[in-house]
Amino acid sequence: MGTTLGIPLSLAIAGIATGCVYALVALGFVLIWKATAVVNFAHGELMMLGGFSGLGLVALGWPWPLALAGAALAGALFGLLAERVVLRPLLGQPHIPIVMTTLGLGFMLKGAVTMIPGAGAETHALPTPFAGQSLSFADATVAADHVLVIGVTLLLGTVLFGFFRFAPLGRALRATAQNPRGAQLVGIPLARMQGTIWALAAGLAAIAGMLLAPLTFVHAQMGLIGLKALPAAVIGGFGSIPGALAGGLLLGLVESFAGFYAPEGVKDIAAHVLVLAVLLLRPAGLFGRPQENI
Amino acid sequence: MHRALALVVLLALAAAPAMLSPWGLSQLTFVAIYVVAGTGLMLLAGHAGQLSLCHAAFIGVGAYAEAILHARGWPLPLSLPAAMALASLTGIVAAWPARKLSGIYLAIATLSFGFIVQEILMRWEAVTGGNTGLAVTRFDAGKLYWLALAAALGALWLLDRLLAGRLGRAFVALREDATAATAIGVAVPHLKVTAFALAAAFGGLAGALYAHQLRFISPEQFDWVMSIELLMMLVIGGLGTRAGIVLGAAFLIALPQAIALLRDALAWETPPAGIELFAFGLVLVLALRWAPAGLAGWLKKSPSL
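The listed protein sequences correspond, in order, to chains A and B.
Here our numbering is used: position 55 in the first sequence is 55, and no number is missing along the way.
Here our numbering is used: position 290 in the second sequence is 290, and no number is missing along the way.
Because the hints were derived from the structure by calculation, they are not lab data.
Possibly wrong hints are sitting among the right ones.
[Unchecked claim] Computed spacing ranges between beta-carbons, pair by pair:
1. A:P94 x B:G154: 26 to 32 Å
2. A:G56 x B:P81: 52 to 58 Å
3. A:Q184 x B:R166: 39 to 45 Å
4. B:G185 x A:P168: 48 to 54 Å
5. B:R99 x A:A119: 44 to 50 Å
6. B:A71 x A:L77: 53 to 59 Å
7. A:L280 x B:L7: 49 to 55 Å
8. B:W96 x A:P89: 36 to 42 Å
9. B:A180 x A:L155: 47 to 53 Å
10. A:L77 x B:A273: 24 to 30 Å
11. A:L155 x B:A135: 51 to 57 Å
From the three backbone atoms N, C-alpha and C, an ideal C-beta is built for every residue, glycine too.
Extracted from the complex, chain A is given alone in its bound form (with noise of 0.2 Å):
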């Protein structure tokens, strides 16, 4: 990658594979807030569980796209959980305790992971199937890893429009999401939605925790990355799908130039001035109504 045109291009790739994986944890998060008008700061520690199951599932000998899908499985049956057991009970209270109760189910996440004898503590590479493999793309050379992650994610993003715009209850949930009194009146099962959303969204997570292996390798601390999606997702604007996404791209491109080009240090607080700048400009974020009072 002698050429002016490689070094760009091949940081554009990195970029974006990361800033898929910002994505679908910024989606996670923007689901369930707007079924649930919850900000689940857990949404890091789902996507760390993730991992860890996959990791669970490959070392049992399961192949890697089956290890995707069980963690997937096992992030979504999770969800359902902690939604009916520790969220729901809490449902009509005032938005602090709420998200004090989502901060203390990521602590107790965190912490149970780490206590998993002789494994929490540690930090592991889950290889995908095309580890140590890469393409040469123009004058680019890009890491397979990359091109798997984004693939995994376009493929997710088109099921995903599908399933929303078209399937019965991909409708009910957005139905949901826009007015839930509305949408109880219709008769869709609000309860039974917002458990759905948060299933889906957890599952999600632990996708996002498979593919971001890869990059980062899997340990306990490894939900700190829900602390960049949470601003990805308020760059795009709260609430607005398609901004979470934008906002998720835009971040991890942004990291992959700044951690070549900028001085050190810039690469990590990148999402915070990020976020503070278009907050300052557009206190709305990205793509948000700007009369939403949230």
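Take the given structure of chain A and dock chain B to it, following the hints.
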């Protein structure tokens, strides 16, 4: 009844240096410092309704200011107000994007602001010493206790006075309905900046005392988890009550001790790492589920008190 209780508590606090072991006294000093920090956050989050996730940044700025100024020979009557003023200035900067924000947008803006301040503390090595941290001049433990106690009582008194006045009523109006507050003539953006500046000044004072209490500070102490802990302290104590600040601070300091006792009682050879974090989260979830009005609300409800 309340006066008698207050008198007993004050007498106990006055007798504490003579009665308690050095360790016990230092724990009590920590409680007092957290009360100071909690008072600021209570004003901001509890009364003015601004969910701020960067209180640790204000504490950190206060701690670093005090550590650096004290090392240069500034006497306390100068260095403490300077630390408060610097922290307050940080609060005004934090409030700049926050003026127009509310709810989740405000929470994320403040969370991000906290990360940026922490990164500055890490990278500005010429002044802060970076990640290696900073040693703070030793300070007599007894004197520090009296100082922290005076700061805590003063902060609580000041909060009381503030809330009784015009500014306090404006804060509550802002919390209840920003639009209605604007309609009755409250300058909302200005008021938000004021709330952040005041809360940060309390945070700065707490940070200055914290630096002397710990005798060593480093940037990672003032991370987002500390901001969350402070919020958790207020929520568990009882949001919007003054008793809640004190009960919450005592709870926050006692919790690690309780977990350590539990660990000893279960006689683990090597306690698994992560148990403290797990217990912390569990207590938070259970407390919010069964006592959403906090310890203060729970005590009020129980008939014996």
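Quick rundown of the hints versus the structure:
A beta carbon spacing of about 30 Å between P94 (chain A) and G154 (chain B) agrees with the range 26 to 32 Å that was offered as a hint. A hinted range of 52 to 58 Å holds for the C-beta pair G56 (chain A) and P81 (chain B), which are about 56 Å apart. Between Q184 (chain A) and R166 (chain B) the beta carbon distance is about 43 Å. The supplied range of 39 to 45 Å therefore holds. For the pair G185 (chain B) and P168 (chain A), the supplied restraint of 48 to 54 Å holds, since their beta-carbon distance comes to about 51 Å.
A beta carbon spacing of about 47 Å between R99 (chain B) and A119 (chain A) agrees with the range 44 to 50 Å that was offered as a hint. Hint check: A71 (chain B) to L77 (chain A), Cβ distance near 55 Å, so the stated range 53 to 59 Å holds. Taking the beta carbon of each, L280 (chain A) and L7 (chain B) are about 50 Å apart, inside 49 to 55 Å as hinted. Range check, W96 (chain B) to P89 (chain A): about 38 Å between beta-carbon atoms, so the 36 to 42 Å window is met.
Between A180 (chain B) and L155 (chain A) the beta carbon distance is about 48 Å. The supplied range of 47 to 53 Å therefore holds. In this structure, L77 (chain A) and A273 (chain B) meet the distance hint of 24 to 30 Å, their C-beta atoms being roughly 26 Å apart. About 55 Å separates the C-beta atoms of L155 (chain A) and A135 (chain B), a value consistent with the hinted range of 51 to 57 Å.
This entry satisfies every hint, going by the numbered hints stated previously.
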